[in-house]
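Line by line, the protein sequences are chains A and B.
Quick note on this note's numbering: the first sequence kicks off at 137 and runs consecutively.
Quick note on this note's numbering: the second sequence kicks off at 5 and runs consecutively.
The hints are simulated quantities; they were obtained by calculation from the structure and are not laboratory data.
Heads up, some of the hints might be wrong.
A few chain B residues facing chain A, derived, Cβ under 10 Å [as the list claims (entries may be wrong)]:
hint	residue
1	L86
2	V117
3	L131
4	P138
5	G146
6	A158
7	F168
8	T169
9	D172
To list a few chain B residues with every Cβ distance to chain A over 10 Å, as calculated [as the list claims (entries may be wrong)]:
hint	residue
10	S50
11	V120
12	V176
13	A265
14	L344
Even glycine gets a Cβ: it sits at the ideal position worked out from N, Cα and C.
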Amino acid sequence: MGVSAPLLSAAGVVGAVVAMMLDGRRAVALAVVFVAAGLTPTAATFGGAPGVAVLGVSAVAAVLLSWAGGVGGRALPWLSRLDPTIPAFAPADRLFGPRSSRAFGAAAAIPVASWVSFNVPIGQVTAVEGLLFPIAYTWSCGVIRLLLARTLEDLAVAVAMVSVATGTAWLLRSGTDSFPGAALACVLAPLSALLAGWLHGRSSRHARALVEHEA
Amino acid sequence: MNPLVIAAAWLVLGLAAPVLLRRRTARLVAVVPLVGAGLTLLAARSTSTAVPLGGLSGIGGLDRAGQGMLILAGLSLALVILLQPSIDVSLGRTIGVVGAAATVVMASSDPLVTAVALTASMATLALHWIGLSPGRTTLAAGRVAGTGTAALLAASPFLPLTGFTTGDRPVVVAALLATGTAAMLAVYPLGGWAAGIIGSLKPVDVAPWMILLVPVVLLIAERFPGGVLGNGAPIFEHVLLVVGLGSAVWGGFWAVRGPGATRYGRVFMADIALCVAAVEGAAVSPAITGALIILVTHLIVAPILLRSDQAGLLWPRRVAWALLSGVPPSPTFWGRLLLLEALAAGNVGSTIAAVVAMVAIFIATVLACSTRVRVGRATGWGRAGEVAAWLLVAVGIAAGLAPQSFTGFVFGH
Numbered sequence: 137m138g139v140s141a142p143l144l145s146a147a148g149v150v151g152a153v154v155a156m157m158l159d160g161r162r163a164v165a166l167a168v169v170f171v172a173a174g175l176t177p178t179a180a181t182f183g184g185a186p187g188v189a190v191l192g193v194s195a196v197a198a199v200l201l202s203w204a205g206g207v208g209g210r211a212l213p214w215l216s217r218l219d220p221t222i223p224a225f226a227p228a229d230r231l232f233g234p235r236s237s238r239a240f241g242a243a244a245a246i247p248v249a250s251w252v253s254f255n256v257p258i259g260q261v262t263a264v265e266g267l268l269f270p271i272a273y274t275w276s277c278g279v280i281r282l283l284l285a286r287t288l289e290d291l292a293v294a295v296a297m298v299s300v301a302t303g304t305a306w307l308l309r310s311g312t313d314s315f316p317g318a319a320l321a322c323v324l325a326p327l328s329a330l331l332a333g334w335l336h337g338r339s340s341r342h343a344r345a346l347v348e349h350e351a
Numbered sequence: 005m006n007p008l009v010i011a012a013a014w015l016v017l018g019l020a021a022p023v024l025l026r027r028r029t030a031r032l033v034a035v036v037p038l039v040g041a042g043l044t045l046l047a048a049r050s051t052s053t054a055v056p057l058g059g060l061s062g063i064g065g066l067d068r069a070g071q072g073m074l075i076l077a078g079l080s081l082a083l084v085i086l087l088q089p090s091i092d093v094s095l096g097r098t099i100g101v102v103g104a105a106a107t108v109v110m111a112s113s114d115p116l117v118t119a120v121a122l123t124a125s126m127a128t129l130a131l132h133w134i135g136l137s138p139g140r141t142t143l144a145a146g147r148v149a150g151t152g153t154a155a156l157l158a159a160s161p162f163l164p165l166t167g168f169t170t171g172d173r174p175v176v177v178a179a180l181l182a183t184g185t186a187a188m189l190a191v192y193p194l195g196g197w198a199a200g201i202i203g204s205l206k207p208v209d210v211a212p213w214m215i216l217l218v219p220v221v222l223l224i225a226e227r228f229p230g231g232v233l234g235n236g237a238p239i240f241e242h243v244l245l246v247v248g249l250g251s252a253v254w255g256g257f258w259a260v261r262g263p264g265a266t267r268y269g270r271v272f273m274a275d276i277a278l279c280v281a282a283v284e285g286a287a288v289s290p291a292i293t294g295a296l297i298i299l300v301t302h303l304i305v306a307p308i309l310l311r312s313d314q315a316g317l318l319w320p321r322r323v324a325w326a327l328l329s330g331v332p333p334s335p336t337f338w339g340r341l342l343l344l345e346a347l348a349a350g351n352v353g354s355t356i357a358a359v360v361a362m363v364a365i366f367i368a369t370v371l372a373c374s375t376r377v378r379v380g381r382a383t384g385w386g387r388a389g390e391v392a393a394w395l396l397v398a399v400g401i402a403a404g405l406a407p408q409s410f411t412g413f414v415f416g417h
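Produce the complete structure using the sequences and hints provided.
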């Protein structure tokens, strides 16, 4: 049975769009899970079971490390006022909010990813063309989220999206170094989740101390 | 010694420094770059130059130029810390991660390892800066420099380009590499994010980027056009030539017009933009030697000029500014002359833009030399600090008298 390119693309688009819209304390871990789930059909097609394992381990590690970071941040004595979900600056009143801009960015990424998919061959030994769409789309969405970032959480989600997309691209490249390369590229996603969780833990402890002090 | 061991030493010392040191002993953060530089002296030597355009490979050793750059950068950063009036111990963590990343980047021929190390270092710097001063300017560092590292990550699966030197693939790879280089060196967009950082933070907090990361990225980027880029090579060179010259003129203009506190940062960025334009846009041997001379000069004068005007050292500062003026026998005269020679071999437009930028830098240094500021007593190490500053100035003068021997001693060519 041949590979259904539209199906692979649809899965990747759904995962990337959900990751683009996520906000809140668990956004990084959830973004890794959704992006990895969206790119899993592509990884399975080109990397088989080991390819799926790379993305699966990355998603599970992101969830666990996010939780562990939060616990560690709350338990250790250092405090921080840096809450990753609070915007670093207040933009002027605009017609469209941050989510609308992200939705617009996600729509604008479609032609970019489409051009890359049909014009840029990937592969070290044999060139693969036309199947890069879900990866290019996820990467483009990650960069757009990075450029539109207002919080540390946005930056961490963007790094995680780019990381998982690059890891899957390494699986498409084939050759002896594709799995180590994919694993190395995907390492950044759980690390982003750990950092975001750690900052949440530290800032929530500070907030709790402040509330208790005021009470 | 394997570069990975040296990187681990940077990392361990950097992470331990904020835990072990207190306010009174904060200046001991200087031990981190000092030990890093010392261990780099013992690094295993690689005979081949690391060009991150290959496949996934192990890390063998440091080439001569990379080793010299890391040692000089480590010593310079240690002196920056020692000559500061006050230090925040949390800086040790940032220095440790950036130093480790710089070591790995200089030793790696693999684009993915390079991109991952640069992502880790920029994320650490951005987190440090946002933590110190949350705002639009510090977040912009994360956004723009983050986009640069994302571009380098995206280029990695398409490399090496052996067998794919024509068509759209090398063009896309070259565009991604140019984006990554320009964003990391803050030559795009017109030095925007770095200018904001320099204006809103203390100079010592920007020092790890200026002293450790910029020279390393510049040295690596200089090697890209020599690798296999196929028909993407002209794209890489022309993009960096145009954005480099634009940023140099812009940086020079704002070095003259802008506030005195940001003048050194602006001059530094204008000089780096000139180096990028000449080295990538006119890749002939005088450009590389010129860029190395300019880098060495900045690494020598940075410990003196990365202090506020009011923190003492009035006369060493004036002589340090004179060393950056481009008037002979300052080392920057030879550096900029070589850059100009390389750009003149290209086209007249590049030469005119470079001359405009150099004139602006000269005016900025004259303004900096002639500024009358109320100077307090030298803080920090007092008399010892002043002696160290004069010694650095003497080294700068020596570099101006024998520029090519000096760069030969540091970089091996």
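Practice problem: Mind listing which of the numbered hints don't hold for this structure, in increasing order? | Solution: Violated: hints 1, 8, 11 and 12.
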